[in-house]
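Chemist: Each protein sequence line maps, in turn, to chains A and B. Just so you know, my numbering puts 296 at position 296 of the first sequence, and the rest follows in order with no gaps. Just so you know, my numbering puts 367 at position 367 of the second sequence, and the rest follows in order with no gaps.
A few of these clues could be false.
[Said to hold, decoys possible] Derived SDA-like pairs: lysine to any residue, alpha-carbon spacing no greater than 25 Å straight-line: (1) K47(B) / M303(B); (2) K223(A) / D387(B); (3) K47(B) / Y131(A); (4) K113(B) / V163(A); (5) K47(B) / D219(A); (6) K47(B) / V163(A).
These are calculated hints, taken from the structure and not from any lab test. Every value quoted in this text rests on a predicted model; they were computed, and no experiment measured them.
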Amino acid sequence: MVNYLVRRLFIMIPTLLAISLIVFLIIELPPGDYLESYISELQAQGETVDQNHIEFLREQYGFDKPVMTRYWEWVTGMIVGDFGFSFEYRLPVSDVVGDRLLLTIVVSMVTIIFTWIIAFPIGLYSATHQYSWGDYGLTFIGLLGLATPNFLLALIMLYFANVVFGTSIGGLMDPDYIDQPWSWDKVMSVLEHLWIPVVVIGTSGTAGMIRRLRANMLDELQKQYVTTARAKGLPPLRLLLKYPLRNAINFFIADIGSMLPSVISGAELVAVVLSLPTTGPVLIAALQSQDMYLAGSFLMFLASLTVIGVLISDILLAWIDPRIRLAGGAAK
Amino acid sequence: MSVDIENDRKLAHYVSEAPFDSHSIEALSPEQERYYMASQWQLMWWKFIRHRLALISGGFLLLMYGSILISEFLAPYNLHTRNISAIYSPPQSVHLFHDGSLVAPFVYGTHYKLNLTNLRREYTEDTSKIYKINFFCKGDDYSFWSVGKGSSHLFCVEDGGTLFLLGTDRLGRDILSRIMYGARISLTIGLIGIMMSFVLGMVIGGVAGYYGGVTDLIVQRMIEILQSFPQIPLWMALSAVLPVTWSPILIYFGITMILAMLDWTGLARAVRSKLLALREEDYCLAAQLMGAKPKRIIGRHLMPGFMSHLIASATLSIPTMILGETALSFLGLGLRPPITSWGVLLNEAQNISVVALYPWLILPVVPVVLVILAFSFLGDGLRDAADPYK
Chain A
1 MVNYLVRRLF IMIPTLLAIS LIVFLIIELP PGDYLESYIS ELQAQGETVD
51 QNHIEFLREQ YGFDKPVMTR YWEWVTGMIV GDFGFSFEYR LPVSDVVGDR
101 LLLTIVVSMV TIIFTWIIAF PIGLYSATHQ YSWGDYGLTF IGLLGLATPN
151 FLLALIMLYF ANVVFGTSIG GLMDPDYIDQ PWSWDKVMSV LEHLWIPVVV
201 IGTSGTAGMI RRLRANMLDE LQKQYVTTAR AKGLPPLRLL LKYPLRNAIN
251 FFIADIGSML PSVISGAELV AVVLSLPTTG PVLIAALQSQ DMYLAGSFLM
301 FLASLTVIGV LISDILLAWI DPRIRLAGGA AK
Chain B
1 MSVDIENDRK LAHYVSEAPF DSHSIEALSP EQERYYMASQ WQLMWWKFIR
51 HRLALISGGF LLLMYGSILI SEFLAPYNLH TRNISAIYSP PQSVHLFHDG
101 SLVAPFVYGT HYKLNLTNLR REYTEDTSKI YKINFFCKGD DYSFWSVGKG
151 SSHLFCVEDG GTLFLLGTDR LGRDILSRIM YGARISLTIG LIGIMMSFVL
201 GMVIGGVAGY YGGVTDLIVQ RMIEILQSFP QIPLWMALSA VLPVTWSPIL
251 IYFGITMILA MLDWTGLARA VRSKLLALRE EDYCLAAQLM GAKPKRIIGR
301 HLMPGFMSHL IASATLSIPT MILGETALSF LGLGLRPPIT SWGVLLNEAQ
351 NISVVALYPW LILPVVPVVL VILAFSFLGD GLRDAADPYK
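All chains, please: the whole structure from these sequences, using the hints.
Modeler: Okay, structure coming up:
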């Protein structure tokens, strides 16, 4: 197990490095830099541009250095917790990101747990009652959930909440708590507001998971050990829980890896529609205003979140399934 | 004993001169013959048409794609026709009967009033005015695919009336017409995007699967890294990179390229795993021994073996592309007006206070969901049909 862990952690390092390189490339790609748009903004407002001031800023932010140096400084800075400086907010990136990243993680985690809780019983039911009306109905609802883009679902829910209840369901906490330090009441308020984004983000993931779980269980149910157990007179429920389900659980955990990127993607989009205080809205604003260190850090965080999530799912899988840790192969 | 055998051998016997027909013992019925002699594609087609939902979805998609060829004719108004007297007009309903008698399809006139207390635009039906809906009539002038000029429409309303079946937007443009024109962009972006990602996936996955070894390792790592990115933030970042100075049409191709650049990984993986399995087959070895080049072996001998699977999985990933474009344009990072896609239309519905007042602005959601559902069903049907021997 330790062996496996070490090897798995070791693979992660080049992956993260490659991701950082791609992210850096993307934020370097746009022609011009933040200072240039800053200068033109100043000129548009009719203010004089002090060349010395600009030169000072350029030096301060390191725009005068070659690309490789800047990349190196960015990466090494991240390791010690210095994520660069946000031009737009005039704050260190870590100050801007802090709470928002935490909330993004909370929303994503709760969404995945929600997905599990909903998908597990429904998938089981669909597989054991194949081709029943319940199966057809649930499959259809699932397909509809899969086909409706979640940001549009958010929009539709906002509309109905507005029309039916006359309230706005946006946000992630009561307005009173915004910018307040964390307290018990604030946590409760977040929990109260959390379910709407969770349902909205989780729908398509849940639908996909039900389909995959159903297919997986159907495969297992056709295997001979099930027939044997049934012939020996094991009660159906006990049989289900003891054998096929245990095999299906593996897949369940491995699925975090494939689910996380889409959950995080969905969370970003839904956050914009529901105006959640997560990373989504800031990321878009940062991308639009070429606030490169902020955007880069966000992208890096989100990608690392996925990589770490996959790592956790791999470790769990290895812990549960001896075949993986003994064979030492890839987890997929 | 031995004498008997000798005698038997000498027995006179009869041998028919006619050529032997191997089917004479177990004659195939015409149906069986048709089935056994059918080509693989024929078998797939037979299996596919048994999947009703997939067939219907395929028909629906064909209709949709057919409609984008003649959007100008089908849409009652032009893409940019502004009706200043009908800003944020609600959907008008089509009536058949007036005062208990059949009049043919018509709409009532509308009466507009600005509510001065809350500044809402209020439209009421004015039942004294009747405007009949005509078919194959003259309406807005348009240039058809910038080749010919025309002004005939499938349906339009009598002079003086308005026909906004799905309402209008903030500039008084007919939403139904805009959805019809938007289909042009939204539907083609998925198709062009999938073609690009198909080529990328086949080439990269093909090389990795056929050569194996280090090439395979590098490609595998590359795919893993790309897949660990959350797709939408990466799309957003890449489309924010597109220069503002680009013309809308360049942006269109840029966005398509971005969508394709992140989508090929799944296809490449499928190609690779199939190739790894197939290259061990005897017929592949035979081709190698006869001196065929890798390009020929992959293209001529291996690819056809799993082409049908590839097409099915490509169909299943078109919805991701359409959704991606819709999401990007919705956020204002994708296509920009005057190019109109369903996402661009939905961009107007981004603000909840607008949606609460004018809910018909979220109607472009409907075609998005329908098209995505249709592609999923079609893809499911194709996937089942891809393996006709099962």
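Chemist: Decide, hint by hint, whether the structure agrees.
Modeler: Hints, verified against the model:
1. A hinted pair counts as satisfied when its Cα atoms are at most 25 Å apart, and K47(B) with M303(B) qualifies at roughly 21 Å.
2. Among the hinted pairs, K223(A) with D387(B) is consistent with the structure: their alpha-carbon atoms are about 22 Å apart, no more than 25 Å.
3. A threshold of 25 Å between alpha carbons decides the hint, and for K47(B) with Y131(A) the separation of about 20 Å falls inside it, so the pair holds.
4. Between the alpha carbons of K113(B) and V163(A) the distance comes to roughly 22 Å, so the proposed pair stays at or under 25 Å and holds.
5. Simply put, K47(B) and D219(A) have alpha-carbon atoms about 22 Å apart, close enough for the 25 Å limit, and the pair holds.
6. Restraint check for K47(B) and V163(A): not satisfied, since their Cα atoms lie roughly 47 Å apart, outside the 25 Å limit.
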